[in-house]
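Q: Residues per chain, in single letters:
Protein chains: 2
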Amino acid sequence: MKRSFIREILESIDSDTISFAGGLPDEKLFPIEDLRKASEKVFENPQNLQYTVSNGIPSLREKIAGLYNKEGFETKASNILITTGSQQGLFIIAKYFQNSKIIVEEPSYLGAVNVFRMNGLEMQSVPLAYDGIESRQFEDGYSNTKLAYLIPDFQNPKGSLYSSEKRREAAKSVLKHGGYLIEDAPYSELYFDQKMPSISSLIPDNSLHLGSFSKTLSPSLRIGWIRANEEMIKRLTVIKETIDLHSCGISQYILDHYLDDLNSYETHLAALRGAYKAKMHIFTKALQENLKEFQFEVPKGGMFVFGSLPGVDTFELVQKCIKEKVVYVPANQFYLDRPLSDEIRFNFTYTAQHEVEEGLQRINKALKA
Amino acid sequence: MKRSFIREILESIDSDTISFAGGLPDEKLFPIEDLRKASEKVFENPQNLQYTVSNGIPSLREKIAGLYNKEGFETKASNILITTGSQQGLFIIAKYFQNSKIIVEEPSYLGAVNVFRMNGLEMQSVPLAYDGIESRQFEDGYSNTKLAYLIPDFQNPKGSLYSSEKRREAAKSVLKHGGYLIEDAPYSELYFDQKMPSISSLIPDNSLHLGSFSKTLSPSLRIGWIRANEEMIKRLTVIKETIDLHSCGISQYILDHYLDDLNSYETHLAALRGAYKAKMHIFTKALQENLKEFQFEVPKGGMFVFGSLPGVDTFELVQKCIKEKVVYVPANQFYLDRPLSDEIRFNFTYTAQHEVEEGLQRINKALKA
Chain A
58 MKRSFIREIL ESIDSDTISF AGGLPDEKLF PIEDLRKASE KVFENPQNLQ YTVSNGIPSL
118 REKIAGLYNK EGFETKASNI LITTGSQQGL FIIAKYFQNS KIIVEEPSYL GAVNVFRMNG
178 LEMQSVPLAY DGIESRQFED GYSNTKLAYL IPDFQNPKGS LYSSEKRREA AKSVLKHGGY
238 LIEDAPYSEL YFDQKMPSIS SLIPDNSLHL GSFSKTLSPS LRIGWIRANE EMIKRLTVIK
298 ETIDLHSCGI SQYILDHYLD DLNSYETHLA ALRGAYKAKM HIFTKALQEN LKEFQFEVPK
358 GGMFVFGSLP GVDTFELVQK CIKEKVVYVP ANQFYLDRPL SDEIRFNFTY TAQHEVEEGL
418 QRINKALKA
Chain B
58 MKRSFIREIL ESIDSDTISF AGGLPDEKLF PIEDLRKASE KVFENPQNLQ YTVSNGIPSL
118 REKIAGLYNK EGFETKASNI LITTGSQQGL FIIAKYFQNS KIIVEEPSYL GAVNVFRMNG
178 LEMQSVPLAY DGIESRQFED GYSNTKLAYL IPDFQNPKGS LYSSEKRREA AKSVLKHGGY
238 LIEDAPYSEL YFDQKMPSIS SLIPDNSLHL GSFSKTLSPS LRIGWIRANE EMIKRLTVIK
298 ETIDLHSCGI SQYILDHYLD DLNSYETHLA ALRGAYKAKM HIFTKALQEN LKEFQFEVPK
358 GGMFVFGSLP GVDTFELVQK CIKEKVVYVP ANQFYLDRPL SDEIRFNFTY TAQHEVEEGL
418 QRINKALKA
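As given, the protein sequences belong to chains A and B, one line each in that order.
According to the numbering used here, numbering within the first sequence proceeds without interruption in unit steps and concludes at 426.
According to the numbering used here, numbering within the second sequence proceeds without interruption in unit steps and concludes at 426.
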């Protein structure tokens with residue numbers, strides 16, 4: 058098992074290095090004052106410091122279910138399992154389906170690929186375009202695996218957004234063959250124009266929908282969730298309990314208090330979307346000016362710009378970039394066989410405006426050297 | 058995989074039921090005011106809400122290492138991996154050693170047994186006495202497995218405390234055969250008279266020592282750790298990262314601030330030991346008065362009184378007790394094959410004084426019915 062390139066970078070770069078690598082939210086946009094107020098309430102009740110139930114505190118599960126219902130996706134608290142971030146949700150699901158075959162997008166999220174490998178899942182990749190997975194190949198593969206892992210909204214790394222048609226086609230394949238879809242949705246709230254209905258909402262009993270507060274509120278809380286049918290939630294809860302008894306209670310109670318004021322949450326989300334959209338425009342403009350060879354699609358949400366430097370081995374280039382004190386993730390990391398790749402994933406949410414131009418110029422310098 | 062009887066009970070009993078079942082700390086003894094103050098500081102810095110490193114924040118690892126050094130067990134921050142409670146520490150270790158053979162005490166901690174089963178470890182049990190594991194049988198078994206899981210301090214469920222001799226013998230076997238010892242130490246700070254040196258301190262390179270703040274400060278924080286040699290920590294960090302990226306950052310920073318004042322921590326621990334010792338005396342006295350047939354040893358620390366009702370099937374009895382609105386854990390749960398057992402594990406830390414007598418009288422009523 059290789060460690061994540063991204064995590065290794067995160068742990069090793071110095072403070073002078075400009076990082077476009079991690080999928081980090083902008084710290085200045087955390088609703089820190091509201092979270093602080095919520096945390097104060099947690100310490101008013103000693104019971105909040107005690108062990109709690111494995112599936113997550115009922116009140117928070119109720120509120121998360123409410124977020125689904127508000128969008129017309131009927132969901133009860135018993136459809137929700139609280140996890141230690143989406144990452145643990147993926148691990149629990151992978152443990153449940155261990156040694157199965159599974160369809161994954163290519164490129165795909167490295168953290169999921171590692172989880173699947175660690176649990177003996179045999180991955181079969183289907184190419185991902187900017188408007189979603191290739192439907193015919195998905196149907197062919199899924200008929201064999203009856204299990205798939207997709208990130209339909211602002212995919213990591215590609216930033217792609219599934220079209221309505223590709224969502225319907227994927228749902229159709231799942232229903233036809235009667236298996237499960239694992240839908241990873243950490244970026245779904247970070248849309249710039251409008252939110253699209255999840256694939257899971259089309260197949261509520263055949264889907265495991267993964268959500269997270271890491272990209273919207275704070276990753277440090279380590280709170281995500283799985284939405285699935287009740288029976289599946291019960292089976293996954295047994296695994297969850299075995300792994301860590303339950304997720305951090307303090308974080309769960311903080312979120313529970315924070316979500317008491319839904320207006321405030323929605324105002325925060327709207328501000329976050331606006332700020333990230335502005336950062337994306339700054340980043341893509343700076344790309345066009347400072348790294349002219351880079352070809353990409355303007356993302357419609359999420360945290361990443363994905364594209365290519367035609368003919369350039371971007372894994373080789375990143376080694377030079379690290380010396381120039383700038384870093385990104387070379388896209389070979391996101392392909393199962395780590396092929397030669399001329400693609401790059403840039404994160405545009407973390408870096409400050411004045412670092413973007415400087416960072417891209419450093420990359421350009423490394424490229425031209 | 059069966060769910061833990063204890064966790065199921067915890068999730069299903071009503072508020073009228075007196076529970077001696079869970080291994081719950083006394084909520085009135087949480088240092089809630091000091092933890093609240095520490096949490097306030099966390100929200101002064103937005104970086105504390107960001108993703109952090111997988112092995113745990115450096116400053117907290119440094120402080121945990123300091124606790125070992127203070128007792129003469131030489132330890133660096135790089136010997137520490139922060140985990141989501143000890144339970145996750147066990148899971149990570151079990152994942153690393155998956156499909157190996159392992160010696161376990163009998164009876165043993167159900168949460169560990171479930172973790173080992175889930176990761177394909179083949180358990181071989183060695184009987185546990187009140188002064189530790191049977192040394193000859195341990196040596197015989199360990200020579201074969203080169204891996205063992207022991208809880209030397211106030212074991213769960215038996216409350217046993219390993220003698221100095223049995224500690225030395227166990228360490229000798231590990232060194233002789235060159236494998237590993239997994240030493241689970243969640244109750245080590247809860248001694249009533251004196252702390253004994255860990256087995257791990259005798260074999261620093263061949264041990265994985267599991268610690269936790271769940272029994273000493275608050276389980277809700279979900280922060281434990283593994284102490285092991287540096288190479289092992291690196292290997293376990295890869296697994297940790299795959300499971301949940303990192304443990305709750307908020308909790309880590311709360312603990313980091315809390316432990317800035319070590320005097321206050323030690324004063325708290327001393328008070329906790331005194332309070333639990335008093336609760337234990339109340340409980341054992343009430344046992345002698347209200348459940349005269351129960352035979353047990355007075356514990357020297359920890360959270361449990363373990364003993365037997367000779368000739369009584371305590372699993373059958375607990376069903377009747379639930380109807381009488383009192384619950385304990387029947388000891389068959391702690392044996393690998395779930396044999397008929399006349400033993401019981403009582404928790405004495407959680408219940409209030411006025412509930413102890415009432416609860417034991419209800420059990421006596423069920424017994425005599």
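Derived from the structure by calculation, the hints contain no laboratory data.
Beta carbons: idealized from backbone N, C-alpha and C, even for Gly.
Mixed in with the good hints there might be a few duds.
Claimed, not checked - Chain A is faced by these chain B residues, among others (derived, beta-carbon under 8 Å):
#1 E84
#2 I89
#3 S96
#4 F100
#5 N156
#6 S157
#7 L167
#8 H325
#9 S365
Q: Against each hint, give a clear statement of whether it holds in the structure.
A: Each hint, compared with the structure:
1. A distance limit of 8 Å between C-beta atoms decides the matter here; for E84 of chain B the minimum to chain A is near 4 Å, and the interface restraint holds.
2. Interface hint status for I89 of chain B: upheld, as the beta-carbon distance to the closest one in chain A is roughly 5 Å, under 8 Å.
3. Using the Cβ-Cβ criterion of 8 Å, the hint placing S96 of chain B at the interface with chain A is satisfied: the shortest such distance is roughly 6 Å.
4. A distance limit of 8 Å between C-beta atoms decides the matter here; for F100 of chain B the minimum to chain A is near 4 Å, and the interface restraint holds.
5. For the restraint placing N156 of chain B at the interface with chain A, the shortest Cβ-Cβ distance is roughly 12 Å, beyond the 8 Å limit, so the hint is violated.
6. Hint status for S157 of chain B relative to chain A: violated, with the closest Cβ pair at about 16 Å, above 8 Å.
7. For L167 of chain B, the interface hint is violated, the least distance from its beta-carbon to any beta-carbon of chain A being 10 Å, above 8 Å.
8. The beta carbon of H325 of chain B comes no nearer than 13 Å to any beta carbon in chain A, farther than 8 Å, and the hint placing it at the interface is violated.
9. Checking S365 of chain B against chain A: minimum C-beta separation of about 27 Å lies over 8 Å; hint violated.
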